[in-house]
Amino acid sequence: MSHSAPGSNPVAALRHDLRTPVNHIVGYTEMLLEDLEGPGNDARRKTLETTLEAAREALKLISLVLAPTRDSVEPAEVSGLYHSLEVPQRRILDAVRTLLAAAGEVPNPTFAEDLRKIEAAAARLVPREAPPTAGAANAGAADAAGKARVLVVDDEAGNRDLLARRLQREGYAVLAAAGGREALELVAKEPVDVVLLDVMMPDLDGLAVLERLKADPASRDLPVIMISALDDLSAIANCIQAGALDYLPKPFEPVILRARLAASLAEKRFRDQERDLVRALGVVTAAAASVEAGAYQAGQLGDMAQRADAVGRLARVMDRMATEVGAREANLRGRLERLRTEIGVARQTREVVARNDEDALGAGETFAGRYRVESVLGRGGMGTVYKARDTELDEVVAIKTLRPELVVDDESRERFKDEIRLTRRITHRNVVRTHDFGEANGLWYITMEFVEGLTVRQLLDARGTLGVGSALAIGSQLAESLGVAHETGVIHRDIKPQNLLLDPEGVLKVMDFGVARLATGTAARHTQAGLIVGTPAYMSPEQLTGEEVDPRSDLYSVGVVLFELLTGRLPIDGATVMALFAKVLSEPAPRPGSLVAGVPPALDALVVQLLAKRPEDRVENAAVLLQRLQALA
Amino acid sequence: MPRILLVEDNEMNRDMLSRRLVRKGFEVDMAFDGKAGVDKARGGAYDLILMDMSLPEIDGWEATRQLRAAPETKAVPIIALTAHAMAGDREKALAAGCNDYDTKPIELDRLLGKMAALLPASGA
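Chains A and B, in that order, give the protein sequences. The first sequence stops at residue 719 when you use the working numbering, and every number in between is there. The second sequence stops at residue 125 when you use the working numbering, and every number in between is there.
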């Protein structure tokens with residue numbers, strides 16, 4: 087915006103400047119998403135959702151570094167922020183360009199134009215004059231022949247030429263400006279090592295030019311030598327105070343000119359080095375933040391790790407540490423391999439789900455005008471899941487039809503829609519993507535990503551127990567998916583082996599995020615109907631008693647799942663739901679290690695902690711759980 | 002159909018917000034600076050004014066004061082839009098005569114809620 091801002095607080099001003107383009111990206115993207123409501127636009131909507139996600143990530147980064155509570159910020163933090171913003175910026179630009187390049191019918195005539203606005207806003211996100219993010223020390227602006235570049239600013243042509251010729255003879259490359267504005271323009275677009283600036287000029291005088299140069303972070307460190315008649319001492323004093331490095335009295339004395347220029351250039355080299363170091367530290371700091379966020383990519387530090395100085399050493403240590411984290415993950419992948427073998431074995435014994443009279447849909451039937459039903463995948467408390475082909479997108483999807491008694495009134499339907507809307511925002515490889523919620527022929531249904539694979543339930547039924555390695559592999563992927571969902575504001579509420587799918591690669595996909603919301607809301611008002619929803623054995627005490635649940639309720643369920651994976655049994659079981667109720671509320675869970683051998687004590691303790699009756703006694707959140715599980719892997 | 006006057010100097014903000022409001026069933030008129038905003042507001046019968054606070058010519062604070070002083074606009078609800086969630090901005094906006102206040106980035110649903118609260122019930 088041209089009128090940014092309470093200028094008194096530089097952090098607020100920068101935050102404003104950075105947020106403005108992101109706000110534009112969010113606004114236009116949301117608008118385009120509205121345009122793309124309706125069938126046939128899934129692919130484009132998905133691409134736009136990437137844009138929205140990246141923009142939100144950018145907002146998060148901006149408010150993290152430029153928190154409203156701060157009133158000053160280090161240059162290193164700013165360059166680190168720019169560096170981190172390049173990642174979402176790239177994602178946004180890629181998404182927009184993909185959409186622009188894609189052929190096909192556009193939803194409205196301004197579609198491409200609006201995409202270009204998003205593109206333009208994204209391009210503004212990281213300023214072009216942002217410091218380079220990696221690489222060796224900036225060697226200064228010296229030209230190809232190694233000559234230092236001097237900008238001479240003087241309104242009088244005679245002085246300008248004289249000085250220029252003398253400087254050229256001394257071996258400098260010379261640029262000249264006849265006034266203040268021209269000088270500022272030149273500095274903005276040409277590399278300059280030092281400025282010789284006349285004090286008295288008509289349009290914009292030397293002091294004003296100097297103040298502007300010093301106010302702009304890009305030119306703040308550029309050495310400026312004032313040129314002035316000797317009788318102008320007070321003006322010179324003002325300029326020195328405003329940040330001029332030195333002054334040169336008229337008429338010029340060649341020896342003094344040479345000495346002052348040489349000193350200024352040495353000073354500039356020193357400052358450039360200092361700036362480079364600060365910048366490098368900013369990059370390493372940003373990389374440390376991405377290690378913390380689990381987003382570090384090998385080689386992210388690039389040239390930084392090649393540097394011979396202390397920053398290079400720091401970068402190498404960082405990279406090694408981050409790689410070790412990667413190695414632990416590789417270890418986990420090894421365990422997944424074994425899990426895959428187990429899946430392969432279990433698969434051969436898998437029974438085929440036969441058609442049942444309760445099923446609302448039959449194979450070959452076309453549903454909701456676009457889904458051709460292929461087979462039944464499973465049945466549960468909520469309804470039946472089918473494999474179907476989306477004829478519109480020629481894609482295989484899973485359709486879950488909901489038992490009619492779950493969707494009885496507008497209120498529960500609306501709340502459920504809200505939940506599905508939230509759930510659709512979760513994009514993670516460990517989460518089964520939810521596509522849509524709708525109604526056809528009086529039947530409410532949800533469509534979601536189809537995952538070829540087995541549920542952990544099927545695996546457990548086939549194998550009895552899964553052992554420590556597989557339990558950790560499943561547990562950490564589960565923790566990862568919950569971390570993302572909880573951050574989005576979605577609590578699963580029905581974590582159980584039946585809802586955990588393993589694809590043929592051993593990647594865990596958690597399904598039915600948000601679906602249990604429908605059950606809890608409806609059940610509360612329809613208990614008389616005797617409707618049993620959810621799976622009491624996996625529910626936390628607070629969920630069983632119908633209290634408000636928070637993310638830690640899901641962590642309890644993870645505890646039950648881990649217990650079962652390790653021992654093949656439930657931690658607390660009851661012959662009837664009422665008996666289970668009573669025990670879950672009062673009886674402490676046993677250690678898995680008390681039932682089977684070979685459970686590491688730390689894992690034993692972790693499972694027991696997850697199964698604590700009071701949420702505050704459990705692991706505090708999914709991220710911490712993930713760390714603890716990874717530390718065991 | 003409620004008539005809204007959107008006073009905003011940033012082209013993208015104006016384009017985006019006006020189009021989204023039109024989709025929600027509002028009739029939207031626009032002014033690009035504070036002075037034009039005041040002139041337009043005094044000339045047309047608007048149900049509500051959305052006023053960016055950092056505007057050229059005269060800023061949103063001053064424009065609001067002028068609108069409050071003029072008999073034909075003194076009762077029109079004004080929602081201030083500011084870029085900074087600064088402590089005291091809300092009080093400042095209310096003191097200048099705004100009826101409510103919202104910060105950018107605009108969350109459309111939140112803004113619509115505030116607008117609905119200020120518009121006559123039959124309007125929307």
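Don't take every hint at face value.
To be verified - Computed beta-carbon distance windows for the label pairs:
#, chain 1, residue 1, chain 2, residue 2, range
1, A, 448, B, 4, 53 to 63 Å
2, A, 153, B, 26, 52 to 62 Å
3, A, 713, B, 63, 49 to 59 Å
None of these hints come from the bench; they were simulated from the model. Think of the CB as a built atom: it goes at the ideal place given N, C-alpha and C, for glycine as much as any other residue.
Hints versus structure:
no.	hint	in the structure
1	A/448 / B/4: 53 to 63 Å	holds (54 Å)
2	A/153 / B/26: 52 to 62 Å	violated (38 Å)
3	A/713 / B/63: 49 to 59 Å	holds (54 Å)
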